[in-house]
Amino acid sequence: MAESVEQQVEELFRARTVDQIREVEVQARHEVEEKREQLRQLIGGSYRELLATSDAVIDIHESAKQVVGLVSRIQSQMQAVAEAVGKSNADNRLASPTSKSSTERLYDVGIRVKFLLDTPEHVWGCLDACDFLGAACRFLAASDAHRALTGRGKHGVAAQFPLLQHQWPLVRKFRGEVQGRAGEWLRDGAGAGDVPARDIAATLAALALLKPVDGQELLRVLLAARRGAVERILRRPPPATPREGTATLAAAAALVASTVATAAQLFCVLPGVTRTPLVQRALRRAPPPGPGADAAASRADWLGHAEAAGARLATLGAGGVALELGTWLDEVAGCWASGAPRGAMQAARSGRELAELEAGVRASLAAWACELDSFGEESDSEAGPTSAPAPAPRGPRPVPLSWDDVCQWALGAPRPLWPLLLEDQLVARACALVDGDVRDVVVGVGAALGAALEATGSLPPPQAGDRGATPWTQAVDLHMGSAEPSAAAPDVWLAAAAASARLMDEGLAHAAHAARDVCGAEGRAAALEPFLRRRLAGAAGEVADGLGAALAGLRERGGRDVHAALVIGHVAGALATRRGGPVQDGAGPGVGAGGAQADVEGLRSVQAKLGSMAEEAFEVWADWAAECIAAAFGAELAADPALAAPRPQRGWRPAALPGADGGAQGFELPFAPSPATLRALC
1 MAESVEQQVE ELFRARTVDQ IREVEVQARH EVEEKREQLR QLIGGSYREL
51 LATSDAVIDI HESAKQVVGL VSRIQSQMQA VAEAVGKSNA DNRLASPTSK
101 SSTERLYDVG IRVKFLLDTP EHVWGCLDAC DFLGAACRFL AASDAHRALT
151 GRGKHGVAAQ FPLLQHQWPL VRKFRGEVQG RAGEWLRDGA GAGDVPARDI
201 AATLAALALL KPVDGQELLR VLLAARRGAV ERILRRPPPA TPREGTATLA
251 AAAALVASTV ATAAQLFCVL PGVTRTPLVQ RALRRAPPPG PGADAAASRA
301 DWLGHAEAAG ARLATLGAGG VALELGTWLD EVAGCWASGA PRGAMQAARS
351 GRELAELEAG VRASLAAWAC ELDSFGEESD SEAGPTSAPA PAPRGPRPVP
401 LSWDDVCQWA LGAPRPLWPL LLEDQLVARA CALVDGDVRD VVVGVGAALG
451 AALEATGSLP PPQAGDRGAT PWTQAVDLHM GSAEPSAAAP DVWLAAAAAS
501 ARLMDEGLAH AAHAARDVCG AEGRAAALEP FLRRRLAGAA GEVADGLGAA
551 LAGLRERGGR DVHAALVIGH VAGALATRRG GPVQDGAGPG VGAGGAQADV
601 EGLRSVQAKL GSMAEEAFEV WADWAAECIA AAFGAELAAD PALAAPRPQR
651 GWRPAALPGA DGGAQGFELP FAPSPATLRA LC
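First residue of the sequence shown? That's 1 in the UniProt record's numbering, and the numbers climb one at a time after it.
Quick caveat, the hints were computed from the structure, so don't treat them as lab data.
Every residue gets a Cβ at the ideal spot worked out from N, C-alpha and C, and that includes glycine.
Where hints are given, some of them may not hold.
The calculated label-pair distances, taken between Cβ atoms and stated as ranges, are [as the list claims (entries may be wrong)]: (1) Glu-231 <-> Ile-74: 48 to 56 Å; (2) Ser-46 <-> Asp-19: 38 to 46 Å; (3) Cys-335 <-> Arg-275: 34 to 42 Å; (4) Arg-147 <-> Pro-400: 43 to 51 Å; (5) Glu-83 <-> Glu-177: 34 to 42 Å; (6) Gly-343 <-> Pro-400: 25 to 33 Å.
Here are the simulated DSS-like pairs of lysine-lysine, each with C-alpha atoms no more than 30 Å apart in a straight line [unchecked claim]: (7) Lys-114 <-> Lys-173; (8) Lys-211 <-> Lys-114; (9) Lys-65 <-> Lys-114; (10) Lys-211 <-> Lys-173.
Based on the provided sequences and hints, a complete structural model is requested.
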């Protein structure tokens, strides 16, 4: 490598001058200084990091030693407690009554402290498993244990177990944690409607144990959670097919029915089937094992909590449950009436699809049934939780309850779900379908009229004296519908004019099909009839307004557009002579049963208006025709040679016929040299 460097130096001295070599030297020295500075900074930074790391390692070491010492002290204390208990058992006969009592108290205190230390892990496990009642029971037992340790005259326990002071604030926070997690589960996990009633009862029982709520407030918590679940189902993205819309509405209605049935199981008694409500049965479960040797005191504490919660729940009777459920159903019905199911209803895009959607939802509601949950029924006792369990009589499994049975049980009266939740929405959707079809008819008629008027603009203007035009009734086949507007021939725009009236009749008749397909009950027909008549009659008025605007535009142009006047006159005249079947007959036997004279009179008024428009439009054509005839007649009279003769013309010319006797018989014949006069007189 040294030889290679020497060769490079020799080559440098051969190839470059002294000045260039000096520049290379300066540049090389500068680069060396830069590299040296970078190396110095790198080494200094690494050294500082090394010092910081060393300090952190020392801190970690010290903290670990403290943790190890604390754990060792805990182990020593627990070992001392275990040895004391073993020695007490071994020397039981020789120990004095005073020393025995002290050992037992120490043992009891140690067990309670360990119970408190294990409580967070146990509660978190219950929360992860959604066992909120187990978490509430463990929290209450821990509260009782802490109260027993820190009660009056027991201040020395905190000195013996300093960890207890740090552990209790952590345990105390679980009251709010369990309440919050239970509320979230009721809103999300139990909102689907397929959760067993026993799980809901256990969760509500946990809430009743953790805070002083009565049965009414607890029921409202459940109903509020279920209402939110119903609204979430209805707020799903709009379904693409009527079948999906049927499934969405059926699921929401089934959840409403399931909520009423679940609430009845939780807070009511079904005579002959159940003895206690489901929430009360959840409270009567066996109490959790209490810490320490005084199990009787622990059981008494637990029974105190359960009886207090049960007494608060018992304040809600069957009448209160029925009142709360009735109010909740009214609130849900109001939510549905405000348009919540609109997205699912929009999946039906015709009257037939709407009728199929109704049939599917009704079938789903008819097939709905509720099976009672027998959770804890066999272990319940009428005497209360402190008595021995008396087995319930075993018999056949109860038959699933239908919606009518649930209403009679929970509400005391029948409450059909379809009229309550979906009838008004179905009528609203039918009206929306009719309104959309009628708008399409009005737009279609306006487009046909506009196409006809546009076609007349491309025709040559009529010439004065042109009285040989073919009548429109002969120029166009009224039943043809395949003419091309771009042809700009008289038969095309006249066909469009004739098709406008036919489109009006056929379109309104088709629009009434949506109402006809969903008509079932008399009440629904009575609800649909006024809207249907009013909307169909209004369509004629909208078309009349469009013709009026076209006629007003014709007046602004001076009324000389004869072809446009004929189009307006033919369309207005055709619509004015229509009978207005969809308006006068309704949408079928169910809808048109009552009749609506005001709407019929309104239609007649519109038809009279259309007749006036037709007369005004044809007057434009008649004025133009009269002017053409008068102009032609005047031109022929001006060109008549007889009128320009210098002497009066005779009106009669003598003529003679030969007679039988060789004579002649004379008479006079009319004579007028003017052809125009002859045509006028003939």
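Index of numbered hints that the structure contradicts, given in increasing order: Every hint satisfied by this model.
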